[in-house]
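*Asks:* Okay, here's what each chain looks like letter by letter:
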Amino acid sequence: MSSLLEVSGVSVSFDGFKAINNLSFAIGDAELRAIIGPNGAGKTTFMDIVTGRTRPDEGRVLWGEANVSLLGLSEARIAREGIGRKFQKPTVFEDQTVLENLLMALRNARGPFQVLFYRPTPGDLDRVHELAGEIGLMDALGRKSGELSHGQKQWLEIGMLLAQEPRLLLVDEPAAGMTPAEREHTTTLLVAAAKSRAVVVIEHDMEFVRRLGCKVTVLHEGAVLAEGSLDHVTANRKVIDVYLGR
Amino acid sequence: MSQSVLARNPSVLVFLAILGLFTLGVTLMSEWAGSEVVSTSFVKTLGKTLCLALVAVAMDLVWGYAGILSLGHFAFFGLGGYMIGMWLMYERTHGIVVSSLAEAPIPPTEAEIVGAIGNQIFGVVGSREFPAIWAFADSLALQLLFVVLVPGLLALAFGWLAFRSRVTGVYLSILTQAMTLALALYLFQNDSGLRGNNGLSGLQNLPGLDHVPQSSVSIWFFWASAGALALGYALSAWIVSGKFGSVIRGIRDNESRVRFLGYPVEAYKLFVFTVTAMIAGIAGALYYPQAGIINPAEIAPIASIYLAVWVAIGGRGRLYGAVIGAAFVSLVSSWFTGGQAPDVNLGFYTIKWVDWWLVLLGLSFVAVTLLAPKGIGGLVDLWTGRQAPDRHGADLGPDAGSLREAEAER
Amino acid sequence: MKPIILAVHVLIVSTVATLAETGPIQAILQEHGDLIVKSSRKTIGPAIEAVATSGLPEAQSVLQAWQVKSIWMRKSDGLFFLGERIDSRTYRLIDFDTGGTVGEFPKRELKNIKPNSGIRALIGTALVQFQLLDPDPDRRREALDAIERSPDASLLAPLRNSIEGESDAGVRARKMRIERLLTIAHGTGVDERVAAIEEMSTDLGVDVRATLNPLTRTEVKAFAGEIPDGLNVARRLSPGSDDLPREEAYALLVATGLAPATVGRDAVREALIANLQDDAAGGVQAGELGADEARMRAYGVLARAGAVPPLVTEAEIDAALDAHVFAAVYAEASPAVAAAAESALARIANRVGLSQGADLALDALSLASIYFLAAIGLAITFGVMGVINMAHGEFIMMGAYTGYVVQQFVPHHTVSILVAAPLAFAVTFGAGVAMERLVIRWLYNRPLETLLATFGISIALQQLAKNIFGTQARPLTSPGWLDGAWVINDVISISHIRIAIFVLALVFLGIFLFIMHRTRLGLETRAVTQNRRMAAAMGINPDRVNMLTFGLGSGIAGIAGVAIGLYAKVTSDLGADYIVQSFMTVVVGGVGNIWGTLLGATGIGFLQKGIEWFNPSNTLAAQTYMIIFIIVVFIQLRPQGLIALKGRAAGN
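Residue numbers (my numbering), protein chains in the order written: chain A, 1 to 246; chain B, 1 to 410; chain C, 1 to 652.
In isolation and in its complexed conformation, chain A is listed as follows (with noise of 0.2 Å):
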C-alpha cells in the first residue's frame, strides 16, 4: 500500500532541546490513526513539520502519489496541497459569521484577484449549508462565530476543515473541554471523515480513542514508542513504564 504521507527520519531541536528525534510515520489514504503521548512527546511539533510551521534540521516529508517534499513550501501551499489542520484551540474568524467562515474555508481558488471577484454560486451555498447541517450549525449560520459555545467552536472549526475538502486531516486534541454529548458528536465527525480521507488525531483520552478504534501511534521524546490497536499498544511494556512513570 502506497502511502499519502510518509515522513522519515526527521529529527527537530530548539535551543538544544531535542523535540522530535529521528522520527518515522506514514499514514495512507482513508485511514484513521489516533497518536498518543504524554506532554512533550512531540506530537504538535510533529504537526507544526508536516503543516509547515516548523522547519526540521533533517529528514524528509513526502505527500501524494507524486512524492512531494513538503518541507521548504510555504503553510498556505500546504494546505492548499490538501493537508487540513485543527488547532487545539478552536480557532475560527470570530468577528465574521458562521457562513463567512465556512465560505471562506471552502475549497475554491486561493488568489486575491479570483477572490477578489468571487461570488458564491448556488453550488457553493448548497455545500455550505450540508455542512453546517453536519455540524449542527444550520440555524446558527448567520450568527457572529464568536457568539457560539466552546464546542460548536470546535465543530465549525472541523466543518471548515471538512470544507477544504483536505486528503489528510490533522485534529489536535478534538475534544478537549467538550462535554460527553459534544464528544459522542466528534467521534462521529471523524468516524465519518475518516471514510473518504486520512485522518490524524491527537488526543490525551484513552476512552476517547478507545471509541475511535482505530491504529494507535504512541510518541515519546519525539520517537515512535509503538504502533498499533489500542490494545496492543497499552499491553505494551514500554508504553506503561512511559505513562506510570519507571
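Watch out, some of these pointers could steer you wrong.
[As the list claims (entries may be wrong)] With a Cα cut of at most 30 Å, we get these calculated DSSO-like pairs of lysine-lysine:
id, chain 1, residue 1, chain 2, residue 2
1, C, 69, C, 42
2, B, 352, A, 89
3, C, 569, B, 352
Worth flagging that the hints you see were computed from the coordinates, not collected in a lab.
Add chains B and C to chain A, keeping to what the hints say.
*Replies:* Below, chains B and C alone, put in the same frame as chain A:
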C-alpha cells in the same frame, strides 16, 4: 447572497447621498455660484478635507480591515502630490518663460526654453539642469499615470520585502515609519531633483487657464475631490464586502489561521497595501493643487501618524468612521490652530488654543484609545443599535491588529 | 618775538648735534637715508637688512622704534633720532648710539618716519631674529609664533643661530622643528631640503603638510612645440584624457592667447540680435531664428561678411590641440625636492589616514554611547516588557529640562549636575509610573494601540514643553572639568564630555545587568514578562512589578536626558530626534537582550559615522542611506521582530 454590494451595505448609499448633498450645497453657496456664504478659500479647505477623507479611507482599509498599522501612507499621499506638482510647475513655468522670451528680438530655440525653465525651477537649489526624474514632466498623461504608479510601485517593493519576511505588528509599523523618514530625508536634499526643502510651489495655478478665476478652479477641484472620495469609498466598500473582505479581516484577527486555510496571506497584504497606496497617491494629487505648495515636511513620519489618529478617532474598521475622523479632526484642528477659537481666561492664566491645541489633541487621543475604541463612529452605533459582544475583555483574535471587544459587532 | 627765539634756540642745539661724533648706527641710517624717508615697501629692503645685520646692539631698538613710528628726522641735518612726545608741538630727541637726549625740538622742524603696514611687517620679520635671542622665553615663543605665521627665507639663518644657545628645552624643540620646516621651504641647497623633507615625513602636523603642499603644486600649461628646458615637468597631459578634458585644454589655449575663442550658443544669439537689420540677420528673417539650424546659417553669412568673428569648428579645435603640448608643471624648480615632497606627502597621507580612522572610531564610539544611553531605558520598557512607548523620547527631554531647571537654582555646575541626575530620575520615574497606571496597563496585549496612545502623550508632552520653556534652545552647562578635549595628536582628539558619556553608558550597562540579574525586582520582572499568570501564582504582584519596571526604564531615560542635554542643546524636540534611532537600536540588536542593544548601538553609531565619512558633505543623504540600510538588515535578519520564539510557544 446574490444581492448587489450596495444593497448589502446600505451605509454606502447613505454615505454617497450625504456626500452628494454636501457637494451640491457647497457648490450653491460658493462664490462660483455667486453666493457669499462660502468663501473661495473655505471651498479649498473643504476640498482638501475631502482629499484627507479619501486617504483616511485608504488608511482604514489597510489598518482597520487588514490590520496593518502603516505609518507610511502619508508618504504615498505626498508622492502623488509631487507627481502632479511636477507637471503643474513645469507647464506653468513653461508658459511664463515662453511669454517672457517672446519679447526678445529673435524667437527662442527649444533648448533655450527648456534651459530657462530649468533655471527658473532649479535656481533656488543652485542648479539649472533638469534631473532625469523630470523627463516626462511636460506630459500630463504620463504624470497622471505616475500619480498612481509611483506610490504603487514603492508600496509594492516595500511591501514585498516586508511581508515576505513576515514582519508584522509594531515592527511593521516602525519599519513603515522608517521608510517614510528615509523618503522625507531624501527629498529634503537639494540634489534630490525635487527642489529640496523648497518643494514645489505655485500649484494652485492651472497652466493655460490663467484667465479662470480661483473661485472656479477651487470649485472644480472640490468636485473632483468629492468624486474621487465617492469612487474611492465605493471601491473600498466593494473590496471589503465580499469574500476578499472576509479574508483580510481574517488576516487582521488571526493571520496564521488564514494561512492554514491555504490563502497566500502575503499576496493579500501586498494587494491591500499597494491599492491603498495608489488611492493615497490620487488623494495627494488632488490635495496639493488646492494647497498650492508641497514640500518634504508634508511627508514627515508625524503626518502618517496623524492619519492613524484620524482613523482611530473616527472609528476604525468602518469606512465612514475614517471619513468622519479625518474631516472632524482636520477641520477642528485648523479652527484651533488658525486662531479662531476664543482664548479661555482662567484669571491666573489665559489658555491660547494655538499653543494648547496639540496638548488637547494628544490627550483626547489617549482618551479615545482607552475609553472609546469605537471613536466617533460609536455615536452612530447608539442610533443604529449596534452592540458590542460580551467577551469579558477578550480580543477577537490573537494578532496585534485584531479587533477589540468594544470595536466588534455582536 | 617767540618764533625768533625758538629759531635761535634751534640753531644752537642743531649745531651742537652736528658737532657731535656720528655713531655707527647713525652712519648706517644715513647711508640709507633716502630709502628710509621715501618709505616704499619695494625699496626699503636693503635699509632694514643693513640695520638688522649690522650686528650693533642698538639695531633692535632702532627697528622697534621704526616699527612703532617713533623715528624722527631732523630736517636741518637729516639725522635720525628716537622722538619722545612732550606736548603736541614739541618732541624730545634721543640719540640711538649713545642713548642720550639730544634736546627738545618743535615738531615743524622734524619729519616723522611713518612706515606703512607692508614695511612694518618687514621690520617685524627683521625684529624676529632679536626676539629669538630675547632672555624672556615668552618673547622667544612669540617670535616663533611670528615665524609660523609668515615663514620667511631671511629668518632661516637667525633661527639656526639661535638654536645653539637655547636653554629652554620646549622652545628649543619648537625652534628645531620650525627650522626644519623653513629649510624645506627656503633652504639653499637641494640636498639640504630633501634631507629636511625626509626627516619630517613622519610628522602628522598640519604645518608640515602646509609646507609640503606648495612644493607639489602643479599648474597645467600649454606650449607651442616642445616644452622648454629648465621647467620642472610633473607629467605630460594629453587633451581629451580624464586629467585634461578636451574643453578644458582648449579653454587653456584660449586663456593663454594661443587659440581663438569658441563662439557659444549665447554668443551666437547675442551676435544675431546685434546684427539684426530690417527684422532679419544674415539674410534670415527674425521669425525663423527660433531654430539652431537657422541661427547657424545666419551666423555663417554674417561671419563670411566679416561682421562677426568666425565660428571655431571642431576640426580647428583638434588642429589647435594637436599643435600644442600640455604638461603639468611644478611651481617648485627642483625635481628632486618635488619628488621628495610627493613621496613624503604620500607617507604622511597614509599615517593621517590611519589616525583619521582611529579618530573616526572614537567618534563612532561616542555616538554609539549616546545611542546606547538613549536606548537603554527603552531596552527595559520595550525590550523586557514589550511596551512600545513612543513618549520615551519625551522622558529624555524631561530629564534634560530638569537639568536646566536645577541649574537655574543651583549655580555651581558640578553640584547642579549631581543634584539634577537623581532629580531627573525621580521626575521621569514618577511620569513613567503615572503613565503605566493610567494608560499602558489597559493596553498590555494591544501593541498597536499602545503605540498610538503613547504617541498622543508624546505630542502632548512636546507641546507642553514648548508652552512652558518656549521654542528656543535652553543651555545645560557642563562643569568646567568636562570642558576641553583629550588630544592624542593633530588628528585624533576626543572631548571630555564624550568620554564622560561613554563612561556613563558603561555604568548604566552595569546597573542594568545588576538590577535584572541580581535583584528581586529583576527576577520578578523577568518572571512576569515570561508568564504573567504563573508569576502571579507564585505570589508576585504583576501590577506592581510592571509599574516599577516601567518607572525604572523611564527614570533611566531621565538621567540619560541630563547627559544628552550636556552634549546637545535642550529643546522640546530633543527626544523626538532620538526616538527612531533608539527603537532601531533596540530592534536591530535583538529585543529583550541588553547585549544586543549594546551591539545595536555600536553598529548604528559606527555605521552612521562610516557613511558620513564616505559622504561628508551631505548628512541628509548619510541618514537616508543609514535608515534604508537598517530597514534592509532588519527585514533580512530579524524577520520575526521579537526574539524568534520556537516550538510550542510559537503555536496557537
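*Asks:* The structure should be examined with respect to each hint, and the outcome stated for every one.
*Replies:* Evaluation of the provided hints:
Simply put, residue 69(C) and residue 42(C) have alpha-carbon atoms about 19 Å apart, close enough for the 30 Å limit, and the pair holds. With a CA separation close to 55 Å, the supplied pair residue 352(B) and residue 89(A) exceeds the 30 Å bound. For the hint linking residue 569(C) to residue 352(B), the alpha-carbon distance of about 27 Å falls within 30 Å, and the restraint holds.
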